[in-house]
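**Q** Given next are the chains, with one letter for each unit.
There are 2 protein chains.
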Amino acid sequence: MDMGEMQQVTAAVLLIGDEVLSGRTQDKNLQQIAQFLAPLGVNVVECRVVPDIETEIVDAVNTLRQKVDYLFTTGGIGPTHDDITADSIARAFGVGIDVRADALEIIEHWYEKTGTPLTETRKRMARIPDGASLIENPVTGAPGFQTGNVFTLAGVPKIARGMLEDIAHRIEGGAVTQSRSVKGEGLREGDIAVQLGELQIDYPDVSIGSYPYFLELQDGKLRRGTQLVVRSTDDGKLDEVITKITALVSELGHEPELA
Amino acid sequence: MDMGEMQQVTAAVLLIGDEVLSGRTQDKNLQQIAQFLAPLGVNVVECRVVPDIETEIVDAVNTLRQKVDYLFTTGGIGPTHDDITADSIARAFGVGIDVRADALEIIEHWYEKTGTPLTETRKRMARIPDGASLIENPVTGAPGFQTGNVFTLAGVPKIARGMLEDIAHRIEGGAVTQSRSVKGEGLREGDIAVQLGELQIDYPDVSIGSYPYFLELQDGKLRRGTQLVVRSTDDGKLDEVITKITALVSELGHEPELA
Chain V
1 MDMGEMQQVT AAVLLIGDEV LSGRTQDKNL QQIAQFLAPL GVNVVECRVV
51 PDIETEIVDA VNTLRQKVDY LFTTGGIGPT HDDITADSIA RAFGVGIDVR
101 ADALEIIEHW YEKTGTPLTE TRKRMARIPD GASLIENPVT GAPGFQTGNV
151 FTLAGVPKIA RGMLEDIAHR IEGGAVTQSR SVKGEGLREG DIAVQLGELQ
201 IDYPDVSIGS YPYFLELQDG KLRRGTQLVV RSTDDGKLDE VITKITALVS
251 ELGHEPELA
Chain L
1001 MDMGEMQQVT AAVLLIGDEV LSGRTQDKNL QQIAQFLAPL GVNVVECRVV
1051 PDIETEIVDA VNTLRQKVDY LFTTGGIGPT HDDITADSIA RAFGVGIDVR
1101 ADALEIIEHW YEKTGTPLTE TRKRMARIPD GASLIENPVT GAPGFQTGNV
1151 FTLAGVPKIA RGMLEDIAHR IEGGAVTQSR SVKGEGLREG DIAVQLGELQ
1201 IDYPDVSIGS YPYFLELQDG KLRRGTQLVV RSTDDGKLDE VITKITALVS
1251 ELGHEPELA
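Those sequence lines, one after another, are chains V and L.
Here this note's numbering is used: the first residue of the first sequence is 1, the next is one more, and so on.
Here this note's numbering is used: the first residue of the second sequence is 1001, the next is one more, and so on.
Since the hints were derived computationally from the structure, they do not count as laboratory data.
Among these hints, one or two may not hold up.
Covered, in the sense of this in silico footprint (three residues per stretch, anywhere, with C-beta under 8 Å from a C-beta of chain L), are these stretches of chain V [to be verified]:
| no. | segment |
| --- | --- |
| 1 | 20-32 |
| 2 | 94-105 |
| 3 | 112-124 |
| 4 | 163-173 |
| 5 | 237-250 |
Note that CB positions come from ideal geometry on N, CA and C, so glycine has one too.
Turn these sequences into a full structure, and let the hints guide you.
**A** This is the structure:
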C-alpha cells in the first residue's frame, strides 16, 4: 500500500476542568492521548481546555467533533456538582440522558466488591447520554462513554489511561506518522535555519521541526543545543531527511546524536 | 473596596506548536502563565493548542483576543522555517511586519556578547508586527512582543517565564482569586457529593471543586482520597466555606488536611 495515498486521520482533545486552567493541576492527558493515538495512525491536530461551564463545553464539543475524525474529552464525569460533562455531551448531541441499567450494574458490582454504599449521588455516574456505548474503566469501575465520534474519559490520568485500552478497537486509523530526531549539542537554531528551510521545500510531505533547548548546569551556566525532529508517514523519505540533517549537523561542527 | 464589585479580568493562552500536539513535548507554559497571572487578579478561562499552520493560528488569535482581556501566545518566534507566529499575529491584526531597528539592535548586542555571527536568518527574529511593543527576553535576547491585548512569548518555558517579568506592569488586574484546599485521605467523592452540592448552592460566588486522587503504593495497592478546592475573590466567604468543608470531612470520619 502506498502510504502517501492514505488519508490523514485526525483527533482533537478537549480537557474539561477549572483546575487545569487555574494552574493548580498540570495536565498529563493531552500527552498521553497523543502518544496512545500516534501508533494507531491518528494525529492530534487541536486541543482546547475549557472551564466547568456547560455552554463552553457544548460549544467546544460541537466545534471540534465536526472538525476532526475523533474527539476525546477528559474530566467532569464524577459524582459531584461540578461534574457536568455527561449532561453537556447530551446537550451537544441534542439527545436525552438518564441513569442507564448497564452502567448502574457495573458501578453496583464495583461498590459491592469494595463494600462502599451505593448512594443516590454515586448513581449520577451511571447517567449516560442516550445512544452512547460504554467505555470500560479498569481502575475505579464507573465507565466512560462513546457518543458518535466523541470519547468521554475521566480526568484522573491513571483512569483516563485505563479507559484508552477499551478504545483502540473502535478506532480506524490511517497511515502512522513516524518520528525521528537528531540532537546537536551546542548547535544554535540560527546556524542551521537556512538549510532546514531549503530541506523543507524539497520535502513538503515531511514535517521538520527545530526545537532549541537550554539546560541549567550546576555552576549556573546554560548548556544549549537544538533538537531537530522529523515526522512523516513515509519511512523512505524520513530516512533521507534524517540522513541529510545528520550530515548538516556534522558539517557545522557538532556531534549529531540520533534518538 | 468591595471585592465583589470588581470586574473579573480574564485571559486565554494559545500554545502554538506541533510538538505539544504530537505528545513529544509536555507543555509547561499553561500552568506557569496561569500561576503568574493569578496573583495579578487575572484568571485564565480558556486555552487552545494549535499546530504550526498560519490559518489555524490566525483564527485562534482572532477568536480568543476578542473573548478575553489578555491573550498569551507561546511558541514559534525563533529563526527557523517553522517559526511563523510573528507573521500570523500580523495577519490576524491586519498589519504589516518587517525587521525592526530596535529589535535588531537588541539581537545584535546579544550576539556580539556571545561572539555568534548575526546571519540573515537570525535577523528574522527581529521581524515585529507594525505597532507592537517589545517584550524583554532576559535569557537569550531575541524579544517577544505585545500587539494590542496579545502577548507573544517564546515556547521554551525558561524563556517564556523570563519574558513574563516584563509583562506584569502592563496588566490591569481585577480582584485576586484566592484558593484554599482541604484533603481528605480515604475520602471518596461520593461520600461528600450531596453536601458539597448544597454548599455550592448556598455560596454561588465561591467555586467548589472536588478532585479524587489515586497514589500507587509500593505494594501495588492504591491509596485514594479527595482534594476539595475552594476559590473565591472574597476572603470572608472563602473562610466560611473552607471551615464548613473541613467540618464535613471530619464528620465523615477522615482527618482533614488543610493546604
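**Q** A separate judgement is required for each hint: does it hold in the structure or not?
**A** Right, here's what the structure says about each hint:
no. : hint    : in the structure
1   : 20-32   : holds (count 12)
2   : 94-105  : violated (count 0)
3   : 112-124 : holds (count 6)
4   : 163-173 : violated (count 0)
5   : 237-250 : violated (count 0)
When each numbered hint is compared with the structure, violations occur for hints 2, 4, 5.
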